[in-house]
Amino acid sequence: MHVHKPADAMLLLGYQSRGGQSSLTVTVGYCCGADGTRLSEPEAWKTLTALFTDEPFDLAQKKSRGGFGVAGAAKAPQGRPVTGLTVRAGVGSLEKSVLVLGDRYWSRGVAGWQPSAPQPYTDMPIGLARAYGAKGWAANPHGRGHCAQADQADGVALPNVEDPSAPVLRPGDVPRPASLGVLAQGAPEQIRWLGTLDKRWQRARLPWLPDDTDPRWFDRFAQDQCQQGYWRGDESWFAENMHPDHPLQRGTLPGLRPRVLVRTDAAPERRVEVPLDLDTVWLLPNDERVLVLYRGEFATRREDAEDVLGLGIFTERMSEPPQTTQHWALMWQEAGETATPAQAQTLAAPEPDPEAAAKTAAAGKAVEEMGKAAAAHRATVAKTLADTRASAIAETDQTMQRYGLGSLQAKMAQSDAPPKTLALPTPEWPKEPTAFKAAVRQYVADALAAGEAETREQWRAHGLDYDAALARSRARPPVVLDPADAVAKMKLPPDAKAALMERYQAFQIKMDALQLNAKKISKQAEALQAQEPPPLPLPDEAMPRGPRTVLDREALLDHHARHASAQWCELQGLDLSGVDLAGLDLSSSLLRGCVLRGANLEGVDFTDCQLEDCDLGDAQLSRARFPRALLKGCQAAGAKLPGADFTQARMEKCVFTQADLSATRWATAQAKECDFDKAVLRQAQGQDARFTACRFSAIDAASSRFPKAMFSKCVLEDATLDGADLQGATLMTCQAAGSRYDGASMAQLRTLKGTDLSRANLNRALLDKASLQDTNLGKATLRETRMDRGFLKNCDLSGTDAWHLVARVCDFTGSRITQASWRGANLMQARLRQVVLQDVDLTGANLHAADTRTATAQGVQLDQALLTRCRLLEDYGRE
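Residue numbers (full-length UniProt numbering): 1 to 879.
Derived by calculation from the structure, the hints in this document are not laboratory data. Model, not experiment: these values are computed from the prediction. Among the hints, a few may not be true.
[As the list claims (entries may be wrong)] Straight line, CA to CA, 27 Å or less: simulated DSSO-like cross-link-like pairs of lysine-lysine: (1) Lys678 x Lys708; (2) Lys779 x Lys793; (3) Lys713 x Lys793; (4) Lys708 x Lys793; (5) Lys672 x Lys708; (6) Lys779 x Lys769; (7) Lys753 x Lys672; (8) Lys5 x Lys46; (9) Lys753 x Lys769; (10) Lys653 x Lys640; (11) Lys672 x Lys632; (12) Lys708 x Lys653; (13) Lys632 x Lys653; (14) Lys62 x Lys5; (15) Lys46 x Lys523; (16) Lys5 x Lys753; (17) Lys672 x Lys640; (18) Lys632 x Lys678; (19) Lys672 x Lys713; (20) Lys678 x Lys793; (21) Lys708 x Lys632; (22) Lys713 x Lys678; (23) Lys713 x Lys653; (24) Lys519 x Lys46; (25) Lys753 x Lys708; (26) Lys523 x Lys497; (27) Lys497 x Lys519.
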């Protein structure tokens with residue numbers, strides 16, 4: 001589901017089903033300050049998480065009327081301790097109050113049970129934790145004060161929050177919990193509105209609410225906090241004794257009008273508006289904020305609302321006229337709403353409207369006339385500036401000549417003359433690295449000296465001493481600006497100066513706090529950094545190594561014969577077919593267009609090399625090293641590379657068909673558009689490797705290890721990966737029909753839309769917690785495969801053989817299982833919603849507690865199957 005919404009809007013989604021009709025509830029919330037400013041969604045969630053520790057503030061369910069709640073704590077005025085306060089709050093015509101007392105405890109004396117005197121407080125929460133209740137007491141399991149044994153109340157705390165009309169007077173009193181928030185979810189006052197929980201409901205409607213549930217169930221507030229009808233959104237509200245500096249707070253709701261548009265797969269091109277009602281208002285007086293929750297509900301085809309393609313949310317103010325639905329639909333589209341190519345074409349190219357075309361043409365002419373007028377205006381401005389400049393220069397000339405300073409125009413002409421070039425001729429760089437480094441340093445020093453000499457000459461031409469000015473600048477102490485002193489010296493009225501000084505001092509306090517916080521963060525960072533492993537040592541050469549040494553064929557063979565290093569060299573277009581270069585060090589070298597076909601390159605070091613358009617076909621490259629090498633357009637068909645190291649290598653459009661790559665290392669390597677067809681990769685290792693648009697058809701990669709590797713748009717048809725380690729790997733839009741993974745370790749494997757694993761052999765594979773989405777597994781074999789807690793969504797499992805498959809607590813939502821044999825499969829607590837089960841043999845299968853609601857079953861064999869707590873038999877029997 002694609003969601004487009006403003007950053008200050010909260011979004012909650014609720015799923016429900018009534019009378020067999022599924023629906024989705026969309027809740028749009030705004031957390032607003034007293035001045036109407038809206039908090040960003042992360043800030044709003046941070047505020048709400050801190051306030052609601054007992055019960056959730058909302059369950060994303062549509063209500064039939066408006067209600068309000070208050071969250072926070074009672075605050076003693078001006079922070080002076082009190083023993084009790086009356087907290088009162090209201091919205092519109094509703095209001096409610098509770099008595100908030102300090103901590104008290106029961107004690108038995110001569111006169112019987114008496115509560116102790118309330119202890120003073122400055123801050124007392126008013127949530128359910130301080131109301132009447134106790135752990136295990138249904139009406140309020142979060143509270144305090146309830147005594148199961150009234151004669152054992154000694155030392156038991158009394159509730160801090162009470163109903164002023166029903167105080168607790170004796171340990172045996174059992175009042176209703178006093179609250180301005182929501183009721184406990186198991187409270188009798190709430191449960192009485194719940195529908196009938198009988199066997200019929202358990203068989204046909206579980207886990208949805210009974211169809212005869214009273215609408216008041218969804219209120220969650222006490223009845224005296226609910227009104228008839230919904231809130232408008234601009235009602236007044238007040239709260240007393242919930243802010244230390246503002247004992248009485250008043251305000252109005254923010255007056256918003258959110259708009260919600262929805263797209264479904266039934267008509268992807270349409271955007272239908274969902275009517276919203278403001279049914280919940282939360283006052284948050286401690287933070288001087290309010291939370292408003294607008295809600296709308298619409299029917300869906302699926303219980304999980306997978307048929308909903310997108311939601312668009314927009315915010316209007318009640319003080320403004322409402323925009324049309326078409327306006328917001330267009331805004332949503334222009335904001336980058338996802339659509340299929342056909343839909344995008346339909347949206348981007350509407351039918352031409354003659355009237356609109358005429359308006360467009362008129363607008364074009366108007367724009368052209370405006371352009372001409374703008375050009376004329378620019379010309380007028382340019383002429384005015386030129387005239388003004390000439391007049392100013394002439395006037396200045398007269399003044400300067402009066403004081404004997406010469407002509408300004410002459411000085412400007414002199415200063416406008418092109419400066420002497422500071423560019424030095426590029427020297428002939430030496431090839432030896434040490435000499436090259438020294439030459440570069442000398443070149444930079446000469447350039448700086450030339451620039452300083454040029455500046456000194458220009459200063460001298462104006463009668464100034466550059467060296468003396470430089471010395472004065474270095475000797476002058478740094479200027480320290482004191483903003484407070486600057487404010488004190490301003491020529492302002494006393495009141496304005498005092499106000500400005502007060503603002504500066506407040507700003508300085510904030511800055512000091514920020515600086516202190518920054519120091520704390522810096523210390524934390526230093527502590528964390530101390531735990532990090534030491535950094536890798538820097539290379540000895542801090543400066544560039546200079547140009548590579550160009551070697552011809554004879555020079556290269558001579559290096560090899562002398563066992564000399566050939567690193568940092570350049571080989572261009574050399575024919576080295578069949579030569580013996582075993583063990584040669586070619587690290588950091590450039591090889592371009594070289595032919596090394598059939599050469600002996602065993603153990604050659606290509607670390608940090610760049611190989612372009614080289615032919616390595618049939619070459620002997622066992623144990624060759626390619627860490628961090630860059631290979632482009634290279635041919636290595638039939639090459640022998642057992643034990644080669646490609647760690648962190650980057651390659652593009654290279655060919656390794658029928659190459660021996662057994663026991664090679666590919667950790668964090670990246671390959672794009674490379675061909676590995678029919679190559680041998682047995683026992684290869686490549687953790688976190690990335691392969692994009694590569695071909696692996698008919699490869700032999702048995703017992704290889706590629707955990708957390710990424711295969712994107714790759715072809716793995718008929719590939720063999722028996723016993724391979726693919727834990728956490730990803731197959732994205734891969735074609736792997738007929739591939740083998742017998743006994744492979746594939747826990748947490750991910751396959752994404754478009755991946756084809758049809759006819760794959762997954763026998764005895766470990767796929768625990770694997771996530772396979774929109775994947776074709778048609779005719780695959782899953783015999784004795786383990787898939788506990790897996791997630792197979794919208795997958796095609798037609799024709800599969802899953803004998804003794806173990807898939808406990810596995811989610812098959814939306815998948816298709818037809819003409820399949822799943823005899824003896826363990827599907828305990830599996831989720832089979834929206835699954836098509838057609839002509840499936842489940843003989844002897846374990847379906848204990850399997851969720852088959854909304855599954856479609858036909859021709860299913862259930863002989864000797866375990867069906868306890870599973871409705872498949874009942875639903876199948878009804879069909």
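Cross-check of the supplied hints:
no., hint, in the structure
1, Lys678 x Lys708, "holds (23 Å)"
2, Lys779 x Lys793, "holds (17 Å)"
3, Lys713 x Lys793, "holds (20 Å)"
4, Lys708 x Lys793, "holds (21 Å)"
5, Lys672 x Lys708, "holds (17 Å)"
6, Lys779 x Lys769, "holds (22 Å)"
7, Lys753 x Lys672, "holds (20 Å)"
8, Lys5 x Lys46, "holds (19 Å)"
9, Lys753 x Lys769, "holds (18 Å)"
10, Lys653 x Lys640, "holds (19 Å)"
11, Lys672 x Lys632, "holds (10 Å)"
12, Lys708 x Lys653, "holds (23 Å)"
13, Lys632 x Lys653, "holds (6 Å)"
14, Lys62 x Lys5, "holds (20 Å)"
15, Lys46 x Lys523, "holds (25 Å)"
16, Lys5 x Lys753, "holds (26 Å)"
17, Lys672 x Lys640, "holds (21 Å)"
18, Lys632 x Lys678, "holds (21 Å)"
19, Lys672 x Lys713, "holds (10 Å)"
20, Lys678 x Lys793, "violated (32 Å)"
21, Lys708 x Lys632, "holds (25 Å)"
22, Lys713 x Lys678, "holds (18 Å)"
23, Lys713 x Lys653, "holds (14 Å)"
24, Lys519 x Lys46, "holds (24 Å)"
25, Lys753 x Lys708, "holds (18 Å)"
26, Lys523 x Lys497, "violated (39 Å)"
27, Lys497 x Lys519, "violated (32 Å)"
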